[in-house]
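Now that you have both chains on their own, put them together as the hints suggest.
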Amino acid sequence: GAVVSQHPSRVICKSGTSVKIECRSLDFQATTMFWYRQFPKQSLMLMATSNEGSKATYEQGVEKDKFLINHASLTLSTLTVTSAHPEDSSFYICSARDADRENEQFFGPGTRLTVL
Amino acid sequence: EDQVTQSPEALRLQEGESSSLNCSYTVSGLRGLFWYRQDPGKGPEFLFTLYSAGEEKEKERLKATLTKKESFLHITAPKPEDSATYLCAVSGGATNKLIFGTGTLLAVQP
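These protein sequence lines map, in sequence, to chains A and B.
Going by my numbering, the first residue of the first sequence is number 33, and it counts up by one from there.
Going by my numbering, the first residue of the second sequence is number 31, and it counts up by one from there.
These are calculated hints, taken from the structure and not from any lab test.
C-beta: ideal position from N, C-alpha, C; glycine also.
Mixed in with the good hints, there may be bad ones.
A short, non-exhaustive set of chain A residues, derived as facing chain B with CB atoms under 8 Å [stated by the list, open to error]: (1) Leu-78; (2) Thr-81; (3) Tyr-90; (4) Asn-135; (5) Glu-136; (6) Phe-139; (7) Gly-140; (8) Gly-142.
Restraint ranges, calculated between C-beta atoms of paired labels, are given here [said to hold, decoys possible]: (9) Asp-59/A x Pro-70/B: 38 to 48 Å; (10) Lys-96/A x Ala-107/B: 47 to 57 Å; (11) Lys-87/B x Ser-105/A: 29 to 39 Å; (12) Gly-48/A x Pro-38/B: 28 to 38 Å; (13) Ser-48/B x Lys-98/A: 12 to 22 Å; (14) Leu-58/A x Ala-107/B: 30 to 40 Å; (15) Glu-45/B x His-117/A: 39 to 49 Å; (16) Ile-44/A x Phe-76/B: 42 to 52 Å; (17) His-39/A x Pro-70/B: 35 to 45 Å; (18) Ser-37/A x Ala-40/B: 26 to 36 Å; (19) Cys-45/A x Thr-35/B: 20 to 30 Å; (20) His-117/A x Ala-40/B: 45 to 55 Å.
For reference, chain B alone in the conformation it holds in the complex (with noise of 0.2 Å):
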């Protein structure tokens, strides 16, 4: 069956305060591993897409990486306004369906 697991819930990092996220998948054919941000009461709002292993993908304080059984989304010298919930999702096997994982709710205390 095809899964996704996020760790950890929940992470409160001070201002500048590096760390990663961790995204764990098992799927059937993977075609894609997406990075989201959702604020509260917002859509997600799309960060990056990883297609195989090895592959790299950066934007401003963030670097996705993903390897065959996970992905890292790691945050550099983070800032308050990067506090949100970042979900994980893949598709993947003959529908091509997102399959989310339940998000990392990250906070930055300034």
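One chain only, chain A, in its complex shape (with noise of 0.2 Å):
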């Protein structure tokens, strides 16, 4: 149980397109996901929190008209990089809270974004 997928697992695009990262709980409904990016060698960053059904909650410093975020429903959030530039290139994590276990996250593959 609390498997969590991302999809795609690789992108490469052009600068100034825009590129859509989705989450999904597969065997559990999440009411809280969260976005993640990590940079070689280091530890995860945390870009926002997201609830089903509300507005996400951003951390300081990340843009939310850059990095825009929905949790539509129970088992799927989505990232949307608009307008990617190469310095997001970075490896996208997202995770899940299991509304039965409410302290634990279980975390997707991971994105890994190159931007042209």
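Given below as structure tokens:
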């Protein structure tokens, strides 16, 4: 149990385009999902917290107009990187909190974004 | 300020050589301390949750312990497949967000 998927696993795009990443909880309902960013050899940095049916809460320094988050259902959250630039290239990882296991987060496999 | 510090940054062991990884933390109102394993290019894989001082959990060659200030991840007779980055995180306070340490990169040589 507690499986989280992400799609795509890898994406390469041109500068100026937008990229959408999906995060799904496959076998549980996630009232809260989280989006992280990880640079090489560094730990995970929380970008935003997403609650189903409400607006996401962004961490300080994260541009909400650049990183659009939608959490339309209890099993799906999406992150859209708008007008991507090379500095947005990173490893993006989502996690989901099981409503029945309030304190535990389960992570997706990550999405490697490369902006040319 | 809530903070998590992991040591060592990197650890190289011979197969069968037991050791421990450390996670020191400061958090207001600890809700949980979490250990994850992360392989290169993958998302973190959940290992353990510890909630209160004195608690211990085991899974195969791994054993996690918790005190009021730190947690240890003990690895007994490690195998090469245990090579990975081990991440420690805590959640607490009003936000209940995870705060991660920078991880320990473990390499187990055959």
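Cross-check of the supplied hints:
no.	hint	in the structure
1	Leu-78	holds (6 Å)
2	Thr-81	holds (7 Å)
3	Tyr-90	violated (12 Å)
4	Asn-135	holds (4 Å)
5	Glu-136	holds (6 Å)
6	Phe-139	holds (4 Å)
7	Gly-140	holds (5 Å)
8	Gly-142	holds (5 Å)
9	Asp-59/A x Pro-70/B: 38 to 48 Å	violated (26 Å)
10	Lys-96/A x Ala-107/B: 47 to 57 Å	holds (48 Å)
11	Lys-87/B x Ser-105/A: 29 to 39 Å	holds (33 Å)
12	Gly-48/A x Pro-38/B: 28 to 38 Å	violated (43 Å)
13	Ser-48/B x Lys-98/A: 12 to 22 Å	violated (46 Å)
14	Leu-58/A x Ala-107/B: 30 to 40 Å	holds (34 Å)
15	Glu-45/B x His-117/A: 39 to 49 Å	holds (45 Å)
16	Ile-44/A x Phe-76/B: 42 to 52 Å	violated (29 Å)
17	His-39/A x Pro-70/B: 35 to 45 Å	violated (20 Å)
18	Ser-37/A x Ala-40/B: 26 to 36 Å	holds (31 Å)
19	Cys-45/A x Thr-35/B: 20 to 30 Å	violated (36 Å)
20	His-117/A x Ala-40/B: 45 to 55 Å	violated (32 Å)
Hint compliance for this structure: hints 3, 9, 12, 13, 16, 17, 19 and 20 are broken, all remaining hints hold.
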